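Engineer: Model the full structure from these sequences, guided by the hints.
Chains as they are written, first to last, in the numbering used here: chain X, 424 to 587; chain Z, 424 to 587.
If you are wondering where the hints come from, they were derived from the structure by calculation, not from laboratory data. Bear in mind the structure is a predicted one, so any value in this text is a computation, not a measurement. Hints may contain errors.
[What the hints assert, rightly or not] Partial selection, computed: residues in chain Z whose CB lies under 7 Å from chain X:
hint : residue
1    : Lys-543
2    : Ala-562
3    : Gln-586
Just so it is clear, CB atoms sit at the ideal spot from N, CA and C, and this is done for glycine as well.
Protein chains: 2
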Amino acid sequence: MSEITLQTPATLLAHWQGHRDLTRRTIEAFPEEAFEQHAAPGMRPFRKMTLELSHMVDYQLNWLRTGKPQTEEGEEQTKNLPSRAEILKRWDEQTGELAAEFPKVSAETWLTPVDTPFGKMSPFKSVEYLIENEIHHRAQGFVYLRELGVTPPGFYERADVTQE
Amino acid sequence: MSEITLQTPATLLAHWQGHRDLTRRTIEAFPEEAFEQHAAPGMRPFRKMTLELSHMVDYQLNWLRTGKPQTEEGEEQTKNLPSRAEILKRWDEQTGELAAEFPKVSAETWLTPVDTPFGKMSPFKSVEYLIENEIHHRAQGFVYLRELGVTPPGFYERADVTQE
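Structural biologist: See below:
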């Protein structure tokens with residue numbers, strides 16, 4: 424099979440930022456109370472899902488900075504969950520931090536699998552997982568929005584989808 | 424930024440097949456009647472979503488074979504929707520067809536943007552979009568399953584996630 428390069432750190436970053444922008448608009452589309460409380464049976468409200476997404480970006484940023492993947496203990500036990508405004512504030516900071524860290528990662532590091540709390544994987548596979556985990560939970564947020572009578576943003580409305 | 428190769432046609436195919444297998448198990452997890460009828464307000468039942476996913480694979484296969492992206496007219500107007508068994512039968516055929524077609528696509532073709540019914544994009548960006556569209560709708564199927572009292576399969580239970 425062809426060994427052509429389909430994805431590089433630069434295209435991966437642009438792709439992720441496109442998804443993060445769409446997820447940000449999904450967070451904003453929720454009525455305030457429903458963002459914190461509406462949930463399907465056995466599932467979390469969208470606030471808790473997006474808090475997980477934000478924590479996972481911090482996990483990835485920390486890994487890229489230190490070379491070591493590790494989860495912060497007790498972060499899920501936070502009694503006072505951050506508000507939507509606080510989640511979005513951290514979201515926007517992460518946008519710049521990801522843009523700053525990606526170029527610093529060496530070619531060898533990107534594809535070297537290491538032990539992580541989620542199994543053995545390279546930074547590339549981890550970022551791919553985080554993007555897809557974000558798509559997964561955002562899609563569940565889309566169902567919540569429909570159940571709340573709100574039209575979600577377009578799945579395809581992202582900066583890097585078409586190549587005009 | 425590093426120009427290292429993060430994704431090749433071979434890794435892209437393995438990744439997609441891992442997702443397609445998880446989606447297949449999600450289809451199987453539905454009670455028969457709910458697969459055809461359960462839906463959130465303003466949304467489709469999972470049968471119609473998975474039928475879209477299957478049609479999009481046919482669209483991509485046809486593009487890879489002919490070099491021309493085009494949608495079949497009227498396919499959404501089918502009066503008699505296929506059963507779950509029929510959808511799964513085509514699903515399994517597509518698994519082999521994708522494995523057969525991917526190696527035949529030239530390096531140049533993978534990254535050359537062309538006009539499609541969904542905007543200008545390369546075969547790579549199209550496949551990436553189809554994988555993510557599948558993750559998106561499958562996640563909505565996960566919400567439906569929870570609403571039906573069924574535990575969905577694990578999002579992370581895919582062949583290519585970890586690299587042991």
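Engineer: Confirm or reject each hint.
Structural biologist: Hints versus structure:
A least Cβ separation of about 5 Å between Z:Lys-543 and chain X falls short of the 7 Å threshold, and the interface hint therefore holds. Checking Z:Ala-562 against chain X: minimum C-beta separation of about 4 Å stays under 7 Å; hint holds. Hint on Z:Gln-586 holds. Least Cβ distance to chain X is approximately 4 Å, under the 7 Å limit.
Hint compliance for this structure: no hint is broken.
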